[in-house]
Structure formats: structure tokens, C-alpha cells
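Chemist: Using the hints, position chain B against chain A.
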Amino acid sequence: MNSNNNTIDKSTLRKTFFRSIPMEHSWNYERMMNLGYCFAMIPALKKIYGGNKDELSKSLTRHLEFYNTTPYVVTLPLCISIAMEENRAKDIDKFDTESINMVKTALMGPIAGIGDSFYWGTLRVLATGIGTSLATQGNILGPILFLLIFNIPNFGIRYWLTFFGYRLGTSVLQKIESSGIMEKITYAASVIGLSVAGAMTAEMVNVNIGGRIGKGDDATTFQDILNGIIPGLLPLGLTFLVIYLLKKKMKPLPLLIIMMFVCIVLAYFKILVLPK
Amino acid sequence: MIIKTILLYLVATLAPLDQFFGTSMIGRAIIVGPLTGLIMGDLHTGIVIGATMELAFIGSVSIGASDPPDMASGTILGTAFAIQAGAGPEVALAAGLPIATIMLGINTLAWGFFPAIIMHRADKYALEGDTKGIGRTMFLAGFAPILATTWIIPAAFYFGNKTIVQLIDVIPKFVITGMDIAAGVIPAIGFAMLINMIMNKKVAVFFFFGFFVVQYFKISTIGVAIFSVMLAIVLTQIIYGKNNKGETQIGASEGHKTSTIEGVDFDEF
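Heads up: the protein sequence lines correspond to chains A and B, in order.
Terminal number for the first sequence in this note's numbering: 277, no gaps in between.
Terminal number for the second sequence in this note's numbering: 289, no gaps in between.
One thing to keep in mind: the hints can contain errors.
No more than 20 Å apart at the CA atoms, straight line, and that leaves these computed lysine to aspartate or glutamate pairs for DMTMM-like [stated by the list, open to error]:
id: 1; chain 1: B; residue 1: K221; chain 2: A; residue 2: E99
id: 2; chain 1: A; residue 1: K54; chain 2: B; residue 2: D150
id: 3; chain 1: A; residue 1: K54; chain 2: A; residue 2: D94
id: 4; chain 1: B; residue 1: K152; chain 2: A; residue 2: E56
id: 5; chain 1: B; residue 1: K221; chain 2: A; residue 2: E184
id: 6; chain 1: B; residue 1: K152; chain 2: A; residue 2: D55
id: 7; chain 1: A; residue 1: K48; chain 2: B; residue 2: E148
id: 8; chain 1: A; residue 1: K95; chain 2: A; residue 2: E184
id: 9; chain 1: A; residue 1: K59; chain 2: A; residue 2: D94
id: 10; chain 1: A; residue 1: K95; chain 2: A; residue 2: E178
id: 11; chain 1: A; residue 1: K248; chain 2: A; residue 2: E99
id: 12; chain 1: A; residue 1: K271; chain 2: A; residue 2: D225
id: 13; chain 1: A; residue 1: K48; chain 2: B; residue 2: D150
id: 14; chain 1: A; residue 1: K47; chain 2: B; residue 2: D150
id: 15; chain 1: B; residue 1: K222; chain 2: A; residue 2: D97
id: 16; chain 1: B; residue 1: K238; chain 2: A; residue 2: D225
id: 17; chain 1: A; residue 1: K59; chain 2: B; residue 2: D150
id: 18; chain 1: A; residue 1: K91; chain 2: A; residue 2: E178
id: 19; chain 1: A; residue 1: K59; chain 2: B; residue 2: E148
id: 20; chain 1: B; residue 1: K238; chain 2: A; residue 2: D117
id: 21; chain 1: A; residue 1: K59; chain 2: A; residue 2: D97
id: 22; chain 1: B; residue 1: K144; chain 2: A; residue 2: D55
id: 23; chain 1: A; residue 1: K252; chain 2: B; residue 2: E148
id: 24; chain 1: A; residue 1: K91; chain 2: A; residue 2: E184
id: 25; chain 1: A; residue 1: K59; chain 2: A; residue 2: E99
id: 26; chain 1: B; residue 1: K144; chain 2: A; residue 2: E56
id: 27; chain 1: A; residue 1: K47; chain 2: B; residue 2: E148
id: 28; chain 1: B; residue 1: K222; chain 2: A; residue 2: E99
id: 29; chain 1: A; residue 1: K48; chain 2: A; residue 2: D92
id: 30; chain 1: A; residue 1: K95; chain 2: A; residue 2: D55
Hint data in this document are derived by calculation from the structure and do not stem from the laboratory.
Isolated chain A (complex conformation) (with noise of 0.2 Å):
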């Protein structure tokens, strides 16, 4: 319906491409790759709000929240958050702009449990294989095939991606559009949206006490003591006590900081302990 006023052409994809080569260049531990999904959506955000500073400094901050996933296949969530977005730009007030947000955080963790299985899992090791038989002989084609094994597909599906997710965002939102159920599958990209966030502040957060009751093979650590009462208690009240700060418009890198300090002096006492 709308395609005749669509704003991103094929080089926009492209640059977009280009730009998420480098998308873990930045990972930090606090937002992972969202300087790096950030950077690769400015092409498109500059051709979708160009003239809208206001709106293109909001999308910016908004393409800055956290984000993980494979990298190889980034190409995919990125061009269909630029699709979602050259719709959000076409009716700016009509449009839930929570959603691009939902919609990303729902398939970073799908993404990432078949991408990672399949690059690092998969290629890596046969391209490891296949590189080291010939190399272990000083053959010079070891670490040129296990290059070649490695990235064709790397770049390849990447740059695949990058068409198929900005074609299939937008025929979705299209069709979601002319049937009127954006209201159904905004809700249920939020019930999706936030399990995956549920789920990944528990795989990544991680607070361990020390301590122990007891000697020797008797011995129970407090860890256990809380994980027999609630599993995960010290990481949820932990993310809800940034929640609250945050609310309580603390920014987040003095934040940073002081966990860091904190951290390593909690680390000298022994109070806080790495995982077993």
C-alpha cells in the first residue's frame, strides 16, 4: 500500500551492512552491542527523520539500549527495527513506539541461541578442522581455507540479512496494518519482549556471596541458603534497585562506577565470590 513512499533504498542497506561489521567492536559489559547497533542504524534513522532533529535524536537514544546477540546475523533484527521505524515516521502519533523496542528484545535471544549454535558451534569447528589438518603440515592453505570457511558465510548471510529483514518488516507491518491487529501484536510482542528480557537478566546477572555455616564437607555456603529460598533473589533485587535509582534520575555512568568500586572491594573482603 504504502510502498511507493518508502524512504530507504538499497545503498541505505547497504551502509547498513557495512556499518554492522563492526558491531562488537564497542561490547561493554553494561549495554553490550548497543553503541554498535546505534551506529549502524544511522544511516537509516538520518533518511527516515532527516529533518526532524527532535525525533532523530529520540530514535538515537532509543537504538541505545541494550542489546546481544550473534553478531553474524545482526543484519536481521537492525533492518527490521529500520522498518519498523520508516513506518513509525509515517504516522508519528498512531504509531506504538514502544513496540520497536519490544520487537528487537523478542528476537535478540532466538537469534542468538541459533546463531550462536550454528557459527561457533558449527562452522567454526569444521573450519577449525579443516584449517589445522592442513596446517599441522605447514601448509600454507590451513589458515586461508579456515579464513575462507569461516567468513564467506559469515558475510554472506549478513548481508542476505540484511535485505530480507528490512523486506519482511515491512510486508508485515503492512499486512498488520490493512488487517488492523497492530494492537494484538504489540501486546503480544511485549508478552514475548519481556519473558526474553526475564530471561536474559537471569542469565546475565549474576551476584554470588560468600561465606559459609559449618566446616568441611558439612559445609553450607549462604549462596545456597538463598538460592533454597529463591533462586536469583540478589540479581532481581539488584536490577530493581537500578530500576529505582534510575527512577530516581541517578545516571547511569556514575552508576557504573561505583558498582565497579564496589565490586572490587566487596571482591577483597570476599563477600561477594565468582560463581562456582
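Modeler: Just chain B now, with coordinates in the frame of chain A:
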């Protein structure tokens, strides 16, 4: 010797740039081994040592990319020393291991500290709508830990392994352990910001659903995603199933059905 040291610095810097070049595996032992061999004037031995180290470190893959260069450091230094001594892979492994171990700690500190701190500049640039500033921050966030760490490998080659290991050993162990612990604590900030943005009262419960399913049943995120897709289908049917007369008026009920299925497919992807 000086030219070799400088060239080794370049290889040591190229290895962690793996992430910059599409996480393309250029920092693996099987690649940096031959490059080091080329610098040291014995490509053949470099290839063999690289392959041996690759197999020795095959399990060392860090999903999330915070500590890969240690294997590279060990391979570069090990290969350089082995070729210099006219020895084989066993010597390389023995000479590379101390630096690989010590670099793991150094990397934990540098990659934990610099990108997370520098990354916050992007928030400011986003508010100003300064896309070039975001680009600069992206480059800097990744280059800062590289600049802070990769000089150690050529220094160890030039001054000897022992001198450098002793120099670095002054960093107390609890500082590195503390940073390792922080790696599990700091993501709470990222998730808190994400939750602040996407959570509303209507669906807040599903965050806890995802969290405790993982805590109690130890299933993967993809597992949670599959269950939540089913949950989402059932719930949308209950909530929107009866009172969507508007939709059935638009098309035949069959048309409506297909569009629902396609919508769900999209979420599942």
C-alpha cells in the same frame, strides 16, 4: 630486533581488531601464528605452531567477546620465542602460556573498564543528534582497551618474558577478581534501562515469568522465547478473540486467520 618488535606490535594489535572486522576470526592462533612466523622469517614453523596452539585453545571461545586476545598473545609471543630459539611447538606453548594467563587478567580490567565508561559519551551525542559523535565514540570505545594492552606483547618479546610478567604481577589479584564479579553485576544497569523503556503494568508480569523460568528450570533463552510465543498466542486469543468484530467485518474470517498466523511467525523469528 627493533623492526621485529614493531611488527609484532602490529600483529598484536590486529588480533583484537577481529571484532572490528566483523568478528571474522583473524585473531585466532591459526592466523596470528603464520603472521608472526612471517615476521620472524620462518613462515612454515609459524603455520605449524599456529595450528598446534589453535588445537590447544580450541575450547577458548568467548561468546560476548570480552577476553579473546589472550590466546592470540600467547601464540604471538610463543611463536616468536620458539622461532628465535630454533625450537618447535612445545617451546611455543611453554613460552606463550605465562603471557596468555597474565593477559587474561589484564584484558578483564581493560575490556571491563574502557568500553563501558567511554560508551556513555554516546548518550550525550544522541541527545544532541550528533551522529558523527556517536561514530567517534564507537571507534574509541573499542580502540582504548586495545591501545592500553597490546604493547605488552612486543615489550615481553624485547625485554624478556620474566621482566614483563613480574611487572604486571603487581596488580593485586582481588582487583581482577572484582572486575570479573563486576562483569556479572554491571549488565543490571543495561537491563534496568531496557526494562524502564519497554515495561508497562499490563505486561510487567512476563518479565518475572522469563526470569524465574530460567532460574528454576535452567532452560535457555530460546526455550523461554518458544514458551512465551505460545503464551502470547493463547493470551491474544483470550483477550482479543471475542470482541474483534471490526476485523471480521473487514475481510472474511479466513483472511483474518492467515494474517494472525503470519503475524505470529514474525514474532517467532
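Chemist: Quickly compare the C-alpha distance for K95 (chain A) and E178 (chain A) to 20 Å and report which way the hint goes.
Modeler: Status holds; Cα separation ~11 Å.
Chemist: Assess, step by step, whether the Cα of K238 (chain B) is no farther than 20 Å from the Cα of D225 (chain A), and give holds or violated.
Modeler: Roughly 16 Å separates the two Cα atoms, so the pair holds.
Chemist: Can the restraint linking K238 (chain B) and D117 (chain A) be considered satisfied, given a maximum Cα separation of 20 Å?
Modeler: holds, 18 Å
Chemist: Below or equal to 20 Å on CA atoms is what counts here, so check K222 (chain B) against D97 (chain A).
Modeler: Answer holds: K222 (chain B) to D97 (chain A) is near 15 Å, not above 20 Å.
Chemist: Holds or violated: K152 (chain B) with D55 (chain A), Cα cutoff 20 Å?
Modeler: Between K152 (chain B) and D55 (chain A) the Cα gap is close to 16 Å, so the pair holds against 20 Å.
Chemist: Under the criterion that the straight-line Cα-Cα distance not exceed 20 Å, is the pair K48 (chain A), D150 (chain B) satisfied?
Modeler: holds, 14 Å
Chemist: What's the verdict on K95 (chain A) and D55 (chain A), does the C-alpha distance respect the 20 Å limit or exceed it?
Modeler: Given pair K95 (chain A), D55 (chain A) holds - Cα atoms ~18 Å apart, limit 20 Å.
Chemist: Holds or violated: K48 (chain A) and E148 (chain B), Cα atoms, limit 20 Å.
Modeler: The given pair, whose Cα atoms are some 17 Å apart, holds under the 20 Å limit.
Chemist: Straight-line Cα separation of K248 (chain A) and E99 (chain A) no greater than 20 Å?
Modeler: Holds, at about 18 Å.
Chemist: So if I understand the rule, the pair passes when the alpha-carbon distance is 20 Å or less; does K59 (chain A) with D97 (chain A) pass?
Modeler: Since the Cα atoms of K59 (chain A) and D97 (chain A) sit roughly 14 Å apart, the hinted pair holds (cutoff 20 Å).
Chemist: Would the hint linking K54 (chain A) and D150 (chain B) be met if the CA-CA limit is 20 Å?
Modeler: This hinted pair holds, its Cα atoms lying about 10 Å apart.
Chemist: Just to be careful, I want the Cα atoms of K221 (chain B) and E184 (chain A) compared with a cutoff of 20 Å; is the pair within it?
Modeler: Holds: K221 (chain B) and E184 (chain A) sit about 16 Å apart, inside 20 Å.
Violation of the numbered hints given earlier is absent; every hint is satisfied by the structure.
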